[in-house]
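**Student:** These are the residues of each chain, in order.
Protein chains: 2
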Amino acid sequence: MDKITLEDKLSLIHEFWTPKIIAELNGQYVKIAEAKGEMVWHSHQNEDELFLVIRGQLTIELRDTDITLNEGEIFVVPRGVEHRPVAPEEVHMMLLEPKETKHTGDVKSSLTVEELEWI
Amino acid sequence: MDKITLEDKLSLIHEFWTPKIIAELNGQYVKIAEAKGEMVWHSHQNEDELFLVIRGQLTIELRDTDITLNEGEIFVVPRGVEHRPVAPEEVHMMLLEPKETKHTGDVKSSLTVEELEWI
Chain A
1 MDKITLEDKL SLIHEFWTPK IIAELNGQYV KIAEAKGEMV WHSHQNEDEL
51 FLVIRGQLTI ELRDTDITLN EGEIFVVPRG VEHRPVAPEE VHMMLLEPKE
101 TKHTGDVKSS LTVEELEWI
Chain B
120 MDKITLEDKL SLIHEFWTPK IIAELNGQYV KIAEAKGEMV WHSHQNEDEL
170 FLVIRGQLTI ELRDTDITLN EGEIFVVPRG VEHRPVAPEE VHMMLLEPKE
220 TKHTGDVKSS LTVEELEWI
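Residue numbers (this note's numbering), protein chains in the order written: chain A, 1 to 119; chain B, 120 to 238.
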């Protein structure tokens, strides 16, 4: 029953592409992440995934187009849609997705984190 | 499959305490609202409700404490918990809750909006 300050939580993150859980509601996790560089292509078969950019710029590559998000911009990747987040410079973001969502879907890569942690 | 710019969507709102839907994912609606003054006391029996302040300050009064949120701060009101949002000055916020969540729970007031609109 405490409030969550995004900047305070972000200051605790020291790895790129490793989301941390900050809240839970209605079977969903709210996560934050810092990123720079390229994620792997993946999809989530049964889960929609929301990205909100808090600072910086994030491009979500889709197979047929790219979506570039700046601070205060949101994109929802629909379930089943292949995507690859890319950030040329460091970006801070908030994510929302079901608790059962796997980090990189069914793709295993060196970036994959099996069990995300609360922060 | 378009991105959503929070500031653009907020600029389309001209009423206080009347959330508008901006996105849908996993059975949840993402909403934005502008507010000033006092909401009514209410609760949502089966739904947790997330508040994220985008600009300004929002106090969420609970029966035993108050939670004051500034820009970039989040609070999740657990299901069943009575709450009353209050904003002495204009505040802009993002909300997340299940699609079936009623605006003022089972309470009817002059502020109640039966069918929230997409924006």
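Keep in mind the hints are simulated off the structure, nothing from the lab. Treat the hints loosely; a few may be bogus.
[Said to hold, decoys possible] Beta-carbon label-pair distances, calculated as ranges:
1. B/178 to A/110: 41 to 47 Å
2. B/189 to A/37: 28 to 34 Å
3. A/14 to B/219: 37 to 43 Å
4. A/18 to B/156: 21 to 27 Å
5. A/63 to B/157: 22 to 28 Å
6. B/199 to A/107: 35 to 41 Å
7. A/107 to B/126: 48 to 54 Å
8. B/127 to A/99: 40 to 46 Å
9. B/122 to A/99: 35 to 41 Å
[What the hints assert, rightly or not] Not everything, but these chain A residues come out facing chain B in the computed CB check (under 10 Å):
10. 22
11. 27
12. 61
13. 77
14. 114
15. 115
Where is the CB? At the ideal position from N, CA and C, for every residue including glycine.
**Student:** Now, for every hint given, state plainly whether the structure supports it.
**Tutor:** Hint by hint, here is what the structure shows:
| no. | hint | result |
| --- | --- | --- |
| 1 | B/178 to A/110: 41 to 47 Å | 45 Å, holds |
| 2 | B/189 to A/37: 28 to 34 Å | 32 Å, holds |
| 3 | A/14 to B/219: 37 to 43 Å | 39 Å, holds |
| 4 | A/18 to B/156: 21 to 27 Å | 41 Å, violated |
| 5 | A/63 to B/157: 22 to 28 Å | 48 Å, violated |
| 6 | B/199 to A/107: 35 to 41 Å | 39 Å, holds |
| 7 | A/107 to B/126: 48 to 54 Å | 34 Å, violated |
| 8 | B/127 to A/99: 40 to 46 Å | 31 Å, violated |
| 9 | B/122 to A/99: 35 to 41 Å | 25 Å, violated |
| 10 | 22 | 7 Å, holds |
| 11 | 27 | 8 Å, holds |
| 12 | 61 | 13 Å, violated |
| 13 | 77 | 9 Å, holds |
| 14 | 114 | 21 Å, violated |
| 15 | 115 | 21 Å, violated |
Consistency note: the structure conflicts with the earlier hints numbered 4, 5, 7, 8, 9, 12, 14, 15.
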